[in-house]
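**Q** Here's the letter readout for the chains.
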Amino acid sequence: MSNRFVNPAVAQVPPSGIRRFFDIAGTMKDAISLGVGEPDFVTPYHIRSAAIDSILDGETQYTPNRGLLSLRQEIARYLSDRFQVSYDPEQEIMVTVGASEAIDLALRACLRPGDEVIVPDPGYVSYAPCVTFAGGVPVAVPTKAEDEFRITPEEIEQAVTPKTRAIIFPYPNNPTGAVMNKAQMQAIAQAAEKHDLLVISDEIYAELTYTDDEDEQKIAFSALPGMKERTVLINGFSKAFAMTGWRLGYACAPKEILYEMNKIHQYAIMCAPRQGQVAGLQALKKNRENGYEDVVTMRRSYDRRRRVMLDAFRKMGLSCFEPRGAFYCFPSIRSTGLTSEEFCTRLLKEHRVVCVPGDAFGKSGAGHIRCCYATDMNRMLEAFKRMEQFIQSL
Amino acid sequence: MQSLKSQILEILSEDCRTPLERIAVMTGSDLTQVAEAVEELERDRVILQYSPIINWDRTDKERVEALIEVKVTPQRDMGFDSIAGRIYRFDEVKSVFLMSGSYDLMVLVEARTLKELALFVSEKLSPLESVTGTSTSFVLKRYKQDGVIFVGETTDKRMVVSP
Ligand SMILES: Cc1ncc(COP(=O)(O)O)c(C=O)c1O
Numbered sequence: 001m002s003n004r005f006v007n008p009a010v011a012q013v014p015p016s017g018i019r020r021f022f023d024i025a026g027t028m029k030d031a032i033s034l035g036v037g038e039p040d041f042v043t044p045y046h047i048r049s050a051a052i053d054s055i056l057d058g059e060t061q062y063t064p065n066r067g068l069l070s071l072r073q074e075i076a077r078y079l080s081d082r083f084q085v086s087y088d089p090e091q092e093i094m095v096t097v098g099a100s101e102a103i104d105l106a107l108r109a110c111l112r113p114g115d116e117v118i119v120p121d122p123g124y125v126s127y128a129p130c131v132t133f134a135g136g137v138p139v140a141v142p143t144k145a146e147d148e149f150r151i152t153p154e155e156i157e158q159a160v161t162p163k164t165r166a167i168i169f170p171y172p173n174n175p176t177g178a179v180m181n182k183a184q185m186q187a188i189a190q191a192a193e194k195h196d197l198l199v200i201s202d203e204i205y206a207e208l209t210y211t212d213d214e215d216e217q218k219i220a221f222s223a224l225p226g227m228k229e230r231t232v233l234i235n236g237f238s239k240a241f242a243m244t245g246w247r248l249g250y251a252c253a254p255k256e257i258l259y260e261m262n263k264i265h266q267y268a269i270m271c272a273p274r275q276g277q278v279a280g281l282q283a284l285k286k287n288r289e290n291g292y293e294d295v296v297t298m299r300r301s302y303d304r305r306r307r308v309m310l311d312a313f314r315k316m317g318l319s320c321f322e323p324r325g326a327f328y329c330f331p332s333i334r335s336t337g338l339t340s341e342e343f344c345t346r347l348l349k350e351h352r353v354v355c356v357p358g359d360a361f362g363k364s365g366a367g368h369i370r371c372c373y374a375t376d377m378n379r380m381l382e383a384f385k386r387m388e389q390f391i392q393s394l
Numbered sequence: 001m002q003s004l005k006s007q008i009l010e011i012l013s014e015d016c017r018t019p020l021e022r023i024a025v026m027t028g029s030d031l032t033q034v035a036e037a038v039e040e041l042e043r044d045r046v047i048l049q050y051s052p053i054i055n056w057d058r059t060d061k062e063r064v065e066a067l068i069e070v071k072v073t074p075q076r077d078m079g080f081d082s083i084a085g086r087i088y089r090f091d092e093v094k095s096v097f098l099m100s101g102s103y104d105l106m107v108l109v110e111a112r113t114l115k116e117l118a119l120f121v122s123e124k125l126s127p128l129e130s131v132t133g134t135s136t137s138f139v140l141k142r143y144k145q146d147g148v149i150f151v152g153e154t155t156d157k158r159m160v161v162s163p
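If you read the sequences in order, they're chains V and E.
Per this note's numbering, the very first residue in the first sequence carries number 1; after that it's consecutive.
Per this note's numbering, the very first residue in the second sequence carries number 1; after that it's consecutive.
Incorrect hints may appear among the rest.
[As the list claims (entries may be wrong)] No farther apart than 27 Å at their CA atoms in a straight line, the calculated lysine-lysine pairs in the DSS-like style are these: (1) V:LYS218 with V:LYS163; (2) E:LYS157 with V:LYS29; (3) E:LYS115 with E:LYS157; (4) E:LYS71 with E:LYS115; (5) V:LYS286 with E:LYS144; (6) E:LYS144 with V:LYS349; (7) V:LYS218 with V:LYS228; (8) V:LYS263 with V:LYS218; (9) E:LYS141 with V:LYS286; (10) E:LYS157 with E:LYS71; (11) E:LYS157 with V:LYS385; (12) V:LYS182 with V:LYS194; (13) E:LYS94 with E:LYS115; (14) V:LYS29 with V:LYS228; (15) V:LYS286 with V:LYS315.
[Unchecked claim] Sample of chain V residues lacking proximity to chain E, with all beta carbon distances greater than 10 Å (derived): (16) PHE22; (17) SER33; (18) GLY35; (19) GLU38; (20) ASP40; (21) LEU68; (22) TYR124; (23) SER126; (24) ASN174; (25) ILE269; (26) MET270; (27) ARG304; (28) ARG305; (29) VAL308; (30) ASP376.
Everything labelled a hint here was simulated from the structure, so no lab data went into it.
All figures in this text were calculated on a predicted structure; none of them were measured in a lab.
Ideal placement from N, C-alpha and C gives every residue a C-beta, glycine not left out.
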């Protein structure tokens, strides 16, 4: 056995909890999956087409480490048009291999060994492991359904120690669908200021909010007064433009931070794939010209399905907070008396519906399940029928 | 904000069997509001019919279709409307459009066999007084119609579980 070569610090991090469901579902024929974390739209054709043209034109070379300047310029315009924050494309923006890489870079560039990072729980599966891999210590801060899964300044206050260096601010949230409005963000900003924390703001779902409250998530965290100098803004094309497989994201940060992030990226990655960058450029440019038609169309479609899913869960008797961002519902299944793990395993084995147990996203997710409404309407309705049968059989 | 009617039209154009109750949930409106809006859309002849898109090639129905470019002499006072009316009343005719460009009317015709279709053109369409010329092209394969792709399978290419 070659275990002796493996770094125990890596070995002790468990693999993602959703993997098991993937394996069981893989053996089933007509399982319906509400377990995905990506759009059910294919990347819009004009975007795919731009990448094809670029391949045919022989654009097959490296790009600058930070990404094509034209793309960074377009990202700068996009962020200022849509999220009220301005970044310098030359020094404050870099293109990465998905938001995933950007999260990793921010942590690796900023954490010193033993630094603590506040991670709202439940949250996206990679935050805590990436903190650990970067030599930091993730500190889970539970968020609750009563607070609509928002993190509060009081909770930050309780979690802060002299070692706390950063906070991950993940809204709109995967898996809960929670969003934060400007006033609530401002309260977090104050806490960050008070304790001099770096804020890693994962805004990958920023385009996918469903609300009449104009203030909600229409502003980047770094657009709040005084926040730009302490924020790494993370975003990408996966969710807003249905471009998950292209692996294209970006980070925006003060030039001193970005410089260090880029150094790691330069040596470890070189650059994001060129065709992804060309596609991303097309996505932003065309959408700026046509009033964000792709985004608006997809968002409307998610919003309708969001309402149908929420309505279905409530009719099944599951208590479910109304998600107003991303594309997930996060109902509580406590009333069934099962744990999330039992619920999901039995639902899959007995009724062939895949959901993800809430505690795959952190301890506080226990008693909940994550269901994705980026799912074909008819398949989703069939899944609800099966879930209802399952719940009644309990 | 998108108006309720335009939301309803979008939903029904994707699936005209969507029950009113579900439309109400999808749009966050009252059922009565939705019912009234749909009724109005029908009354105003915005919604004309609820019909499925059928791939007849997958049935055993014998069927040929042709696109006919028709040149006509417009009539005084009536323009093209009167001759278009003469044409669209035939049962064989599925669609008629007034076109810009080198001909005037585009006529979509359906029949059981090639012969029947050819006879329709020679015996019914061409003899109309104002028709000065026709050019018929048969449909060989249908790739996409009304936004729906007919060929190939559309499979969900996503993994069943992802973070
Ligand atoms: C909250 C959150 N952040 C980041 C990512 C990673 O996105 P990307 O595809 O840009 O790496 C995901 C993907 O599921 C996510 O849900």
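**Q** Using Cβ atoms and 10 Å as the threshold, tell me whether SER33 (chain V) really stays out of contact range of chain E.
**A** At roughly 4 Å from the nearest Cβ of chain E, SER33 (chain V) sits no farther out than 10 Å, so the non-interface label is violated.
**Q** Was ARG305 (chain V) rightly flagged as not at the interface, with every chain E Cβ beyond 10 Å?
**A** 8 Å, violated
**Q** Please verify whether LYS94 (chain E) and LYS115 (chain E) have alpha carbons no more than 27 Å apart.
**A** Cα-Cα ~18 Å, so holds.
**Q** Decide, holds or violated, for the assertion that all CB atoms of chain E are farther than 10 Å from the CB of PHE22 (chain V).
**A** 4 Å, violated
**Q** Tell me if the straight-line CA distance from LYS157 (chain E) to LYS71 (chain E) falls inside 27 Å.
**A** Given that 27 Å is the threshold and the Cα spacing comes to 47 Å, the pair is violated.
**Q** Over 10 Å to the closest beta carbon of chain E is the bar; see if ASN174 (chain V) clears it.
**A** Given that some Cβ of chain E is not farther than 10 Å from that of ASN174 (chain V), nearest at about 8 Å, it is violated.
**Q** Measure nothing beyond the straight line between the CA atoms of LYS157 (chain E) and LYS29 (chain V); if it is 27 Å or shorter, mark the hint as holding.
**A** Cα-Cα ~15 Å, so holds.
**Q** The output says GLY35 (chain V) does not contact chain E. Does that hold with a beta carbon cutoff of 10 Å?
**A** 4 Å, violated
**Q** For GLU38 (chain V), which was marked as not at the interface, is the minimum beta-carbon distance to chain E over 10 Å?
**A** 6 Å, violated
**Q** Over 10 Å from every CB of chain E: does ASP40 (chain V) meet that, or does the non-interface label fail?
**A** 7 Å, violated
**Q** Mind verifying the non-interface call on ASP376 (chain V)? Its CB should be farther than 10 Å from each CB in chain E.
**A** 8 Å, violated
**Q** Against chain E, does LEU68 (chain V) hold up as non-interface, every C-beta pair farther apart than 10 Å?
**A** 27 Å, holds
The structure shown violates the earlier hints numbered 1, 3, 6, 8, 9, 10, 14, 15, 16, 17, 18, 19, 20, 22, 23, 24, 27, 28, 29 and 30.
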